[in-house]
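Given the coordinates of chain A, work out where chain B should sit on it, guided by the hints.
One line per chain: the protein sequences are A and B, in this order.
By the count of the UniProt record's numbering, the first sequence reaches residue 287 at its end, each step adding exactly one.
By the count of the UniProt record's numbering, the second sequence reaches residue 287 at its end, each step adding exactly one.
Quick caveat, the hints were computed from the structure, so don't treat them as lab data.
Keep in mind the model is a prediction, meaning the values are calculated, not measured.
Glycine is no exception: its CB is placed at the ideal position from the N, C-alpha and C atoms.
Please note that a few of the clues may not be correct.
Pairs of lysine to any residue residues, derived as SDA-like cross-links and limited to a Cα-Cα distance of at most 25 Å, are as follows [claimed, not checked]:
no., chain 1, residue 1, chain 2, residue 2
1, A, K222, A, P259
2, B, K222, A, L196
3, A, K222, B, P90
4, B, K222, A, R192
5, B, K222, A, D195
6, B, K222, A, S283
7, A, K222, B, A91
8, B, K222, A, A197
9, B, K21, B, L110
10, A, K21, A, A249
11, A, K222, B, K21
12, B, K222, B, D195
13, A, K21, A, G62
14, A, K21, A, A197
15, B, K222, A, G62
16, A, K222, B, D195
17, A, K21, A, R152
18, B, K222, B, N183
19, A, K222, B, R192
20, A, K222, B, G159
21, B, K222, A, S191
22, B, K21, B, P90
23, B, K222, A, R201
24, B, K222, A, G159
If you want a taste of the chain A side facing chain B, the calculated C-beta under 7 Å gives, among others [stated by the list, open to error]:
no., residue
25, T125
26, A126
27, A128
28, A132
29, Q133
30, R152
31, H153
32, V155
33, S168
34, L180
35, N183
36, V186
37, T187
38, T193
39, R194
40, A197
There are 2 protein chains.
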Amino acid sequence: MTAEIIDGRAVAQQVREEVAKGVAELVAAGGTAPGLATVLIGDDPASEVYVRSKRRACVAAGMVDLHRHLPGDVPQHEAAALLDELAADPAVSGILLQLPTPGHLDAEALLTRIPAEKDVDGLTTANAGLLAQGRPGLRPCTPSGVIELLDRHGVPLSGAHAVVIGRSVLVGKPMAQLLLERNATVTICHSRTRDLAAECRRADVLVVAAGIPSLVGADAVKPGATVIDVGIHRGEHGLTGDVQYDAVAEVAGTITPVPGGVGPMTIAMLLANTLTAARVQQSTGRR
Amino acid sequence: MTAEIIDGRAVAQQVREEVAKGVAELVAAGGTAPGLATVLIGDDPASEVYVRSKRRACVAAGMVDLHRHLPGDVPQHEAAALLDELAADPAVSGILLQLPTPGHLDAEALLTRIPAEKDVDGLTTANAGLLAQGRPGLRPCTPSGVIELLDRHGVPLSGAHAVVIGRSVLVGKPMAQLLLERNATVTICHSRTRDLAAECRRADVLVVAAGIPSLVGADAVKPGATVIDVGIHRGEHGLTGDVQYDAVAEVAGTITPVPGGVGPMTIAMLLANTLTAARVQQSTGRR
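The shape of chain A in the complex, shown without the other chains:
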């Protein structure tokens, strides 16, 4: 058996085109193009690369790039003041604070200054609460990108047994909530789980977000299951994930590769969130 491969780049491109269309429609209907304020503090080269990709994608979708860059030694109160300014600015639909921030800053305290309705990363406690209570809100980009991949490949979720490996605030926990919202029976595994392979073999849908290279082998996959690999690791032979791709692809029914699977979805969902935020803000403003 050889698994169907989910092409994350293609799905991400599709989402980005739909967002661009949505932006054009919003503007044609008399609205304003959504503005995304990426906030980068310091000069970490990896963060610079990420932020640049986000800004480019934002412009390509017809949105306004409202990037702000603060020096790495900025005091907490100045970073907080910038976020407050962006929070109050009606041109700013979404605010993304690029993490990690320099060590002297309290990133959690900074995140709380982002209003829930502009939190396009979906990482604030307010949005985590809305998700936990099943109420409308902005969802974290990576797990909602996984749902998008599953939906566009027609993977049934209602009644399916979904297993999530990993319980991070960024991916694992919101992933479990989103799968539950879609009526899957959800099991959350982690480092303390006793027989991980046995838990995983019960999954119709297996989402691996453990951050451990090659953690999941073919013995942990039910024949025909859908395997989504959120891991990304730079090694001697290029990028690899949390899943032993070649072996698992022989057993799984559907699988995401690394790179080119979940990765490209994160920015696509950031754009989708920014459009959603702008729509909500502009419809509220018009009332």
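Frame of chain A, contents of chain B only:
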């Protein structure tokens, strides 16, 4: 095999005595006795009974009963104004809005007026977000009462497979988060779960909060498992739970009865939350 029975009344009594001791210590250290503001809107007899029990327990623990009663036809803005007044009042450590509120009121909108630090029911979106992100906050009373029962009976949770039936905002979802926080591998089941009995048979700890009388039989329980019954139903033969008690008690290692299991814990944990809230507020005030 006959299961050990968890005596919820005894554990609740123990918790209430500990809270009373904590209140006395707080006052002895120069603090103020915690004040609990129960808010009852209208004259629903069942709600009146619940609120009376809470007020009595509060006084018995040495706390101040700051009960408020509004007429059943109170307009939304007046109910909101009362909650705002209680939120601002330093004598009020905790606010509990008794649910359900009369149909013409928007209960969700009222709940958002309770500040997270006075939300002793742990039901606001803010506290749900703190729980989801594993940050300190007030936890919902019933699921934290279940954790207390498990802890005081020495039921190991780390690495255990816990199965929760039910995904309500009040019990099922926060229960899963609390079990995950204690390093259990957690599965959440619900009405769409395909083979419920098979899922349950894998549980070392089974928490049933489905609201369906006698849903869980002996065939759904692993020999020796711990079974916690959150259900409560009034029938011809008195109160029963979601679990077929007599049959399951022959298979389980440990079980809670209905009544006298989880039920008494809810008020005990409300008192514990009110003490916690008062301690946090008074230590912050003193800084």
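These are the hints, each one checked on the structure:
1. K222(A) to P259(A): The given pair, whose Cα atoms are some 23 Å apart, holds under the 25 Å limit.
2. K222(B) to L196(A): holds (19 Å)
3. K222(A) to P90(B): violated (57 Å)
4. K222(B) to R192(A): holds (21 Å)
5. K222(B) to D195(A): The hint holds at about 17 Å.
6. K222(B) to S283(A): It is violated: about 53 Å lies between the C-alpha atoms, which goes past 25 Å.
7. K222(A) to A91(B): Distance ~58 Å between K222(A) and A91(B) Cα, so the pair is violated.
8. K222(B) to A197(A): With Cα atoms ~20 Å apart, K222(B) and A197(A) stay inside 25 Å; holds.
9. K21(B) to L110(B): Not OK: K21(B) and L110(B) at ~33 Å, beyond 25 Å, violated.
10. K21(A) to A249(A): At roughly 35 Å apart (the allowed maximum being 25 Å), A249(A) and K21(A) break the hint.
11. K222(A) to K21(B): violated (54 Å)
12. K222(B) to D195(B): With Cα atoms ~15 Å apart, K222(B) and D195(B) stay inside 25 Å; holds.
13. K21(A) to G62(A): It holds: about 9 Å lies between the C-alpha atoms, which stays within 25 Å.
14. K21(A) to A197(A): Roughly 43 Å separates the two Cα atoms, so the pair is violated.
15. K222(B) to G62(A): violated (57 Å)
16. K222(A) to D195(B): Judged against 25 Å, a Cα distance of about 17 Å means the pair holds.
17. K21(A) to R152(A): holds (18 Å)
18. K222(B) to N183(B): holds (20 Å)
19. K222(A) to R192(B): holds (21 Å)
20. K222(A) to G159(B): holds (22 Å)
21. K222(B) to S191(A): Holds, at about 24 Å.
22. K21(B) to P90(B): holds (22 Å)
23. K222(B) to R201(A): Answer holds: K222(B) to R201(A) is near 20 Å, not above 25 Å.
24. K222(B) to G159(A): holds (22 Å)
25. T125: holds (4 Å)
26. A126: holds (6 Å)
27. A128: holds (4 Å)
28. A132: holds (4 Å)
29. Q133: holds (5 Å)
30. R152: violated (22 Å)
31. H153: violated (20 Å)
32. V155: Hint on V155(A): violated, closest Cβ of chain B at ~15 Å, above 7 Å.
33. S168: violated (10 Å)
34. L180: OK, holds: L180(A) within 7 Å of chain B, min 6 Å.
35. N183: Status holds, d = 4 Å.
36. V186: holds (5 Å)
37. T187: Holds, about 4 Å.
38. T193: At about 4 Å, which falls below the 7 Å cut-off, the nearest Cβ of chain B leaves the hint on T193(A) intact, so it holds.
39. R194: holds (5 Å)
40. A197: Violated, about 13 Å.
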